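Visitor: Order-wise, the sequence lines are chains G and S.
This note's numbering applies: residue 1 is where the first sequence begins, and numbers increase by one.
This note's numbering applies: residue 1 is where the second sequence begins, and numbers increase by one.
Simulated from the structure, these hints should not be mistaken for laboratory data.
It is possible that part of the hints are untrue.
Said to hold, decoys possible - Capping the alpha-carbon separation at 25 Å, the derived lysine-lysine pairs in DSS-like fashion look like this: (1) K240/S with K159/G; (2) K169/G with K182/G; (3) K159/G with K348/S; (4) K144/S with K169/S; (5) K264/S with K159/G; (6) K165/G with K281/S; (7) K377/S with K240/S; (8) K158/G with K354/S; (9) K159/G with K196/S; (10) K158/G with K264/S.
What the hints assert, rightly or not - One-sided and incomplete, this derived list gives chain S residues near chain G with beta-carbon spacing under 10 Å: (11) P259; (12) C287; (13) T298; (14) D299; (15) Y302; (16) R308; (17) Y309; (18) A360.
Keep in mind the model is a prediction, meaning the values are calculated, not measured.
Glycine included, C-beta positions come from ideal geometry on N, C-alpha and C.
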Amino acid sequence: MGKEAAAERLIEYETSQLEKALIPYKAFFKGKKAFISAGEYRTLATAHLLHEIGFEIAGIRPFHHDEYAVKEYEKLRKLTGDIPLNIANVQPYEEANILRKIKPDIFIGHSQSNTTAAKMGIPVHVIFNSSLSYIDFRGVFEIARRLFRQLSCPSFNKKFPQYIKLPYKTSWYDENPFKYIKDTGK
Amino acid sequence: MHNDMTHNYIERPRYFCAFGGALSTLEALPETIPIMHASVGCAASIAWGQSGASALEVGGYCGGLSVPASNVTDKEIIFGGVIRLKQQVLNTLQIIDGRLYVIITSCVTEIIVDDVRSVVSDIYSERENMEGAALMYAETAGFKGNSYTGYDIVMSEIAKQFVVKNKAKKRGRVNVFGIVPFMDCFWKGNLAGIRKALELLGLTVNTFFTTNDTLEAVRSSSEAELNIVVSDVYGITIAKTYQSIHGIPYIVSSLPIGPTATGKLLRETADALNLDVDIEKIIDDQCREYYQFLAPLTDAFYDGDHQRYAVIIADTNYTVALSRFLFDDLGWIPVYIQFTELLTEQQKETLSEKLLIENAIINPQVIFDINASNAGKYIGNMYPRRDTDLYVETLSPAFVFGSAFERDLALKLNTPHLSISFPVTNRAIIHRGYTGFTGGLNLIEDIVSAVIANR
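Taking the hints into account, I'd like the entire structure generated from these sequences.
Guide: Below is the structure:
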């Protein structure tokens, strides 16, 4: 549309405003480990975003895999190095096993699939829902605000592990979480 | 961290006068007949006040417009009302069926300095047979303070004039003070919740005002080993009276809503009484039950991102109790807390300390201001914002807790609202309570339901 210069100015302006506002949040998130789960692209995009605002990405659990996402994994790996990756259509038993080992500071997951982490006493936050802003410059700030809010007061489920049991036998946690995935050798 | 504003007016009062508090207290006691030595209209005023503001609960056994009264007019004000009062009391003893009759005086009858004590002693000396009834009086003129003061005065007089003296203490007996009938709209449920919690320690609990309580237990309340005041302000005078007259020590706890606060109360009580119980196991079992009930809410609670910032504008009991329950148990964040009563500097210090969050990233703004309408101004100062500011903290998502008056603020802030503190005009409460381990679950139901009301 021939408005490249104007677009560049807008991007520069919004980015600088946003960066200024994010400073205290980034300081707060620094060193905190996040585990992210959703559809594949959303998982990867959110992982990038959370890395940008200061989190350490400790693991991801996309629900499925398509070829065109391969380059996104490579992009992410450049930021995080090798991290546990579980491509699973939920499979909460694998999740419970992995989270026990990783112990993230926050779990960000799709609706209806945050409960396993919640029962383990891990602070959780729903990765999106229709009333939450998460896209665009404003979305970055809103996510930072929400995660700050959640981590400032994790009391709702902090004592869950003391009083609520997950349905897995103790012996399962000693096993390899990927034990039940048949390796087809590709 | 607190501001103080002095006012020369009271706007939207959040209580009755001392007389109203005393009358409400007497109406809630078992087999008790209040006899008002007051000018015409006091009973009706209080009854209509209760009807409007006490979550639709009015009167008691002998309450509402049934309350016997001397109904003084010009004649008594000029010539004295003692004769009228005596006549009223004698006739009341004849037709109204009670075991404890308590004369309470009002603004007018105290200004004219009627000697009510002489009426009581005359009647005792003239009547050979009181037929098992007791007669006493309390000076509860409205101008002495608000309803909470009236509760303190009348219960202290009961401790002095009605409760049996020199009783041997019985192991495991405790009295509970600090919850004022009709002012705490959940008084019955709350007292029951506290009783159930304390009974876990094997105690026998006197809560005075519930269906579980008897006048005989009130009379024998001096056999308690310990008095428990579940308020930082109300009922302390009563406990001090029991201490000086009946030699009973007391502890002060805040109103216990939910597992953290209730566990704390049980520990403090077990400690004060040197109880030989496995207190941690008792608390653990109760927490297990609480969390079993809470667990199925988890999915939807997180999916809807139902954690909120809280604005709390309430009486002393609920400001502290709600703030702690929200932060310690529900995982909500109180950001603005306003106490709407006149408090001493010492009380303000004690209360502010109870609201401090150890290692808090967010400590709430605590305001002491009897004018609740100023809340909007204080909150506006906390979140200065121009419409063009995109990257600033805002008060959202939020929730307003307070009295029904705070609906205005909730509308302005565009948040849901729950009436908990007096006056409660928009809820009917006859049995519900928030205290105890599982009482907190009732509160969670009410809070989350308010959030999703338009779902």
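Visitor: Are the hints correct? Go through all of them and say.
Guide: Taking the hints in turn, this is what the structure says about them:
{"no.": "1", "hint": "K240/S with K159/G", "verdict": "violated, 38 Å"}
{"no.": "2", "hint": "K169/G with K182/G", "verdict": "holds, 22 Å"}
{"no.": "3", "hint": "K159/G with K348/S", "verdict": "violated, 32 Å"}
{"no.": "4", "hint": "K144/S with K169/S", "verdict": "violated, 33 Å"}
{"no.": "5", "hint": "K264/S with K159/G", "verdict": "holds, 16 Å"}
{"no.": "6", "hint": "K165/G with K281/S", "verdict": "holds, 18 Å"}
{"no.": "7", "hint": "K377/S with K240/S", "verdict": "violated, 39 Å"}
{"no.": "8", "hint": "K158/G with K354/S", "verdict": "holds, 21 Å"}
{"no.": "9", "hint": "K159/G with K196/S", "verdict": "holds, 23 Å"}
{"no.": "10", "hint": "K158/G with K264/S", "verdict": "holds, 18 Å"}
{"no.": "11", "hint": "P259", "verdict": "holds, 8 Å"}
{"no.": "12", "hint": "C287", "verdict": "holds, 6 Å"}
{"no.": "13", "hint": "T298", "verdict": "holds, 5 Å"}
{"no.": "14", "hint": "D299", "verdict": "holds, 5 Å"}
{"no.": "15", "hint": "Y302", "verdict": "holds, 5 Å"}
{"no.": "16", "hint": "R308", "verdict": "holds, 9 Å"}
{"no.": "17", "hint": "Y309", "verdict": "holds, 8 Å"}
{"no.": "18", "hint": "A360", "verdict": "holds, 8 Å"}
Of the numbered hints listed earlier, those contradicted by the structure are 1, 3, 4 and 7.
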